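Asks: Residue numbers (our numbering), protein chains in the order written: chain L, 1 to 310; chain V, 1 to 264.
Keep in mind the hints are simulated off the structure, nothing from the lab.
Predicted, not measured: the structure shown is a model, and the values here were computed from it.
Just so you know, even glycine gets a beta-carbon here, dropped at the ideal spot from N, CA and C.
Keep in mind that the hints are not guaranteed to be accurate.
[Claimed, not checked] Selected chain L positions facing chain V (in silico; Cβ < 8 Å):
1. L60
2. M90
3. I92
4. L99
5. E103
6. E106
7. V107
8. Y112
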Amino acid sequence: MLSNPSNDPTAPAACLSGAVKRYGEVTALEAVDLSLHPGEVTALLGPNGAGKTTAVRALLGLSRLDHGQAELFGGDPQDRIRRMRTGAMMQISSVPQTLKVREHIEVFSSYYPRPLPMATVLEAAGLVGLEDRLYGKLSGGQQQRLLFALAVCGDPELLFLDEPTVGLDVSSRRGFWEHIRGLVSKGRTILLTTHYLEEADALADRIVVIDRGRVVADGSPEEIKARAAARRMRCRTSVRPVEIHGFPGIQRITEDGSILEILTVRSEPLLRELLALDPELADLEITGAGLEEAFLSLTSNDPVSQKGAA
Amino acid sequence: MSTLTSTAPPLERPNLLRIYSLEARLEFLKLLRMPAYAIPTLAFPVLFYVFFGLTMKTGGAFSMATYLLATYGAFGVIGASLFGFGVGVAIERGQGWMLLKRASPMPPGAYFAAKIAMSLLFGSVIIAMLYTLGATVGGVDLPAASWARMAATHILGSLPFCAMGLAIGYFAGPNSAPAIVNVIYLPMSFGSGLWLPIQILPEFVQKIALALPPYHLAQLALKVIGADSGGSTAGHVAYLCVFTLICLALARLGYRRDQDQTWG
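Please work from the sequences and hints to get the whole structure.
Replies: What follows is the structure in structure tokens.
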């Protein structure tokens, strides 16, 4: 017998509590707490190797935690009845090449009690007209959309999208966002992992920043940005990074020939310092930092990086 | 008489039979559209049987065509199982396909049941071709009951090799799996007397054969025509059962190991 899915509308759809996962020497999750609230789109944002995929796999019961708990709809994630309320798009390299789009969707739909009609799935994933094509004959973007179709075909309440647009070009990525927004408008609970900051900002209600297995920030995109109100300064100058290294508020210095790009939360004192060091300073530009910089300031441990040949 | 007692209609459960049959049908289509699997597994046993079984007619008390029908039948079903499972599982693990299936609400048995069904089906097609060739071109003349017993032996006998394939599939990489399966399959088949009668192989090979699983399957098939080299039916069956359990235990170990891997 299936339990009534709407018994408590405020209970988290899924949560990790005190989750610890190690792979040998590497700690993928270090005491992570994460709750997914019904109807909310949460972006788990972090650099490669931050533990995003491990978190998704733990929530789906695919990997065992060393400590802590993963819960799906208040219970064991491995339970098939609970799984029937979820769909997942994972980072995988391929599905069997010699099956058609229609066949792949048909079998995944069969796992669910109330799957969407085939035509709706094809429409939602932008695969109309490709249903009789073998997976192996699809383009990269189309293959990615098939994986999306497999995640949504069961009409799940909770959707895991693990780096859904990785490897797509800019226009395919934006096209993909439209498909995801289509689901958001239907009130689905979504956990999206990404290292594209623009993607998290564009799609999520809430951003959880994770780095080296720890949650370092959790809030709305605006809060995350406000928390690290960094500005980007760019100028042509003879000042070298080492001269201002350690100046309060600096988060990152990038050197490209005679151009310095500095990320800082205290731009005015820094500007005075720079002009004192180099009155000839030119081509000055100061811009508000986007989410990318906010994110970087929360996770970066290396304040000086160089790009290009000096 | 049925009465509805609850006010809210209960959520319907997905139909298990439909899932299992869909998985099996797709497994079949997948392999059929993959010439690298379908052609060698179907053609090799038949070609070898034609070369060795049908061209050499002298074979002592039994015609070579009859004797080798029992052993090439074993060769055929073993190949279908080892390639279907060993290479299939290794590739689908490597792709991440298995991970996606595990993340889905698929009943876990459906994946393996589909692969077993397909190994049995391909195995049946292979022995049907061999038996037809033997009965027509090779002049193999057996009572109907013997044909049936031999077919049952061959088809059931493929199960231990499904387990062996599964174990290989969990430890072999997706690219090396076909080579690994061949390196195990071909020498093991020769050494077990599947290609040429065990009696004409060197004595040390005959000794090694006792430890090889295909030898025991072949002996069971040869018993049907009274051409086995001795040893009790129970002994051969017990060997194959223990072998199956060892393979399943190894596969389980590989499965647990997979669960703890990072996968990039």
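Asks: Output the numbers, in ascending order, of every earlier hint that fails for this structure.
Replies: none
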